[in-house]
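J.: For the record, the sequence lines run as chains P and C.
Heads up: the first sequence begins at 1 in the numbering used here, then just goes up one per residue.
Heads up: the second sequence begins at 1 in the numbering used here, then just goes up one per residue.
Simulated from the structure, these hints should not be mistaken for laboratory data.
Any given hint could be a false lead.
Stated by the list, open to error - Computed Cβ-Cβ distance ranges for the label pairs, DEER-style:
no. : chain 1 : residue 1 : chain 2 : residue 2 : range
1   : C       : Leu21     : P       : Gly112    : 43 to 51 Å
2   : C       : Leu31     : P       : Asp303    : 23 to 31 Å
3   : C       : Ala262    : P       : Gly112    : 31 to 39 Å
4   : P       : Asp130    : C       : Met71     : 27 to 35 Å
5   : P       : Ala237    : C       : Ile103    : 52 to 60 Å
6   : P       : Asp303    : C       : Tyr121    : 28 to 36 Å
7   : C       : Val144    : P       : Asn73     : 25 to 33 Å
Unchecked claim - Straight-line alpha carbon distances no greater than 30 Å define the calculated DSS-like cross-link-like pairs of lysine-lysine that follow:
no. : chain 1 : residue 1 : chain 2 : residue 2
8   : C       : Lys65     : P       : Lys189
9   : P       : Lys243    : P       : Lys105
10  : P       : Lys241    : P       : Lys180
11  : C       : Lys175    : P       : Lys241
12  : C       : Lys101    : C       : Lys178
13  : P       : Lys243    : P       : Lys182
14  : C       : Lys178    : P       : Lys276
15  : P       : Lys105    : P       : Lys276
16  : P       : Lys151    : P       : Lys189
17  : P       : Lys241    : C       : Lys65
18  : C       : Lys232    : P       : Lys230
19  : C       : Lys232    : P       : Lys182
20  : P       : Lys243    : C       : Lys101
21  : C       : Lys101    : C       : Lys193
Positions of the beta carbon are idealized from the N, C-alpha and C atoms, including for glycine.
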Amino acid sequence: MNKNNDKPITATKFMKELNRYKKGSVSRRHFLGVTGFGTAMAVMGTALPSLFSSQAQAFGNVGDRLIFATWPNYHNQDNLDEFTEMTGAHIQVNAFGSNEEMLAKLQAGGTGWDVFVPTNYTLSNYVELDLIQELDLSRIPNYDASASSPKFSGPATINNKVYAVPKNWGTTGFIFNSNKMKSQPKSWKEFFAAAMGEASGHVILHDYQLTTIGAALCALDYSFNSVDAKELAEAEALLIKVKPHLFAITSDYQPGMRSEDAWLSICWNGDGTQLKNDMPEMEYVIASDGGEIWSDFYAIPKDAPHLEAAYTFLNFMQDPYVQARDAAVHGYAPTDARAIALQPDSLASDPILHPPLDLMNGLEFGAAETLTDPIRAEVMARFKSA
Amino acid sequence: MRDQSKSGNWLTAVLLTPTFLWFLFMLILPLVVILVFSFGERATAGGYAGGFTLEHYANLSTRLKAFQNTMTIAPLGTLLCLLVAYPLAYFLALRIGPKFKLILLVLVIVPFWTSLLVRTYAWIFILGGRGIPTLLEFIGFEDVRLINTQGAVLVGIIYGYLPLMVFPIFVSLEKLDKKLLEASSDLGASPLKTFWQVTLPLSMPGIATGCMLVFILLMGEFLIPAFLGGGKVYFIGNALVDLFLQSRNWPFGAAISVTLVAIMLITVTFYMRMFNSKTGRDESLM
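Just chain P, with the same shape it has in the complex (with noise of 0.2 Å):
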């Protein structure tokens, strides 16, 4: 075993060869041989390198499986791999839509997941409908608690116990085709009007309430997250009124988005970087009229079935290194500075995923009654049907 792997990387040669092995120009090989990975790999449990010291022991034993539900377009590929190389544990990966759609087949029972990710504004709900459990922190030193903004990470610590650690943060807000329209729409108001206007026929919404109904909420100068009976049934009128102007109601814009079927959708602003990274004349707007801010986060259900593995997997993806990684596919912010601080410089800086503070005044945090209102979900169901 070569004698240099066992000092660790620095956060700028890091990057340097992980930008080399995406390109294709170093091997995998010659990647986890440099960066540490592959050390810690082939030693698993006996001269550790400081990147996975306090797990790895554990690695023998935590089973051949585990279960996650996620969202789509979220991970790195290479990351999952690597947990299995390193554990023998094999990940089966969910993806899933909404929030929404997470909580019904956790009530329903019987999910078998092991980790999920959800979105900040549902923890309580699953602390009080007792889907999730509490962390044990110290099977996961890897997590520093320090390292994220409590903005981001206040919300899994429920009296005074931690029920989930913190993955990404970004916004919803929406992104146009420059090419295709002529107006620069601003804010939730232009963005409806536009739909309803150069831009119809070309439009998605998503299909989750909370950023659809948020959306039209916004427009009519709402709060994002209302539950009030009769600005609900004003959004839902709103809704309703664009359905026809509409190209698709879903949560997976960007193939529409790529084809230039559509011009105009909600948007969230990893999918905003990974858009207008190969088509530049995508713009990604945080709207003046108000939007979301998020923050997401790991979690074990209440019935995991493979609790080693999952604390396993929760210390693994919480190594700065292995964020960094995450972020380079996916374009989300961490919330965890370490891992800003490996990232190169033109995802640390970049204007959509860490917007000015002023552009961001507007933003709500997604509230924990629109989980489970019955009105909210009534109206997005029947705009669906409508």
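With the hints as your guide, set chain C onto chain P.
T.: Positioned in the frame of chain P, the structure of chain C alone reads:
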């Protein structure tokens, strides 16, 4: 049967028990649960809470559009499937030598080896703006929208359900006694007349079975409209997915399920009556 011994009856009972239990636990009991749920209340955080209310049945009209869509597109899809499948089955059964028949039959089955989900997802790109519409632009048709329309959903339906229609028809045509066709021709009937008066009536059982298979499955379809209709062509199946997996209103979802089952029972009963009185044969459908 009547003069068989007691041990024969006993054996019959033993052999039927697994089937009976299967029906009881996998069909009857779940249906009872759905029926009970449909009179309950939505729990505060979603799901089911006990109670007795008819409110969900009173609310059915809010999903009228979904019922209408399903009730028009399911029969239309079945009909189009039949129109595409019949010539194919006819060709396979009567016009092709045994050497190629097997290969062609396998080709009809091959798509089943891949999940319908993946195959339907592929159509998103074929019908999307960078797919067929781009080709159409070359020959002068600008701004053609294919994806997320009823037409796209129908294409997906025909594509996905074709084998289910082809095989029953193929089997009934394959069994057809070729001597009857010769006799018809000997007696002076034109090929067209032979087809109308001999081939088609004799393949009716296959048509009936194929149509029923496709129609029943289409009434519960949700994947194709969700993918190729972009959430804008909305079936009852989609309403159910939304109610159970998004808004978690199980009682309302149960009420819609019960209504759907009732509609199906009535439709299928009518269909079988009509068909059996036409052909005068009971074994054609069952």
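J.: Each of the hints needs a verdict: does it hold here or not?
T.: Status of each hint after checking the structure:
Checked against the hint of 43 to 51 Å, the C-beta distance between C:Leu21 and P:Gly112 comes to roughly 26 Å, which is inconsistent with it. Taking 23 to 31 Å as the suggested C-beta distance range, the pair C:Leu31 and P:Asp303 conforms, at roughly 28 Å. At roughly 34 Å, the beta-carbon separation of C:Ala262 and P:Gly112 lies within the given 31 to 39 Å, and the hint holds. Distance hint check: the CB atoms of P:Asp130 and C:Met71 are about 42 Å apart, inconsistent with the given range 27 to 35 Å.
For P:Ala237 paired with C:Ile103, a C-beta distance near 58 Å keeps the hint of 52 to 60 Å intact. For P:Asp303 and C:Tyr121, the hinted distance range of 28 to 36 Å is satisfied, since their beta carbons lie about 32 Å from each other. Taking the beta carbon of each, C:Val144 and P:Asn73 are about 29 Å apart, inside 25 to 33 Å as hinted. Straight-line distance between C-alpha atoms of C:Lys65 and P:Lys189 comes to about 28 Å, which keeps the hinted pair within the 30 Å bound.
Between P:Lys243 and P:Lys105 the CA atoms are separated by roughly 28 Å; this keeps the pair inside 30 Å, and the hint holds. The hinted pair formed by P:Lys241 and P:Lys180 meets the criterion: a straight-line CA distance of about 23 Å does not exceed 30 Å. Only pairs whose Cα atoms come within 30 Å are accepted, and C:Lys175 paired with P:Lys241 is rejected, the gap being roughly 56 Å. About 17 Å separates the Cα atoms of C:Lys101 and C:Lys178, which keeps this hinted pair within 30 Å; it holds.
Between P:Lys243 and P:Lys182, the direct Cα distance comes to roughly 22 Å. Compliance with the 30 Å bound is thereby established for this hinted pair. Proximity of C:Lys178 to P:Lys276 is assessed by CA-CA distance (about 64 Å); at most 30 Å being required, the pair is judged violated. For a cut-off of 30 Å, the pair hint linking P:Lys105 to P:Lys276 is broken: about 34 Å separates their Cα positions. Simply put, P:Lys151 and P:Lys189 have alpha-carbon atoms about 28 Å apart, close enough for the 30 Å limit, and the pair holds.
With a CA separation close to 16 Å, the supplied pair P:Lys241 and C:Lys65 stays within the 30 Å bound. With a CA separation close to 25 Å, the supplied pair C:Lys232 and P:Lys230 stays within the 30 Å bound. The suggested pairing of C:Lys232 with P:Lys182 holds, with an alpha-carbon distance near 26 Å, which does not exceed 30 Å. Distance check on the hinted pair: P:Lys243 and C:Lys101 sit about 48 Å apart at the alpha-carbon level, beyond 30 Å; violated.
Taking the CA atoms of C:Lys101 and C:Lys193, the gap is about 26 Å. The hint holds against a cut of 30 Å.
Checked against the numbered hints above, the structure breaks hints 1, 4, 11, 14, 15, 20 and satisfies the rest.
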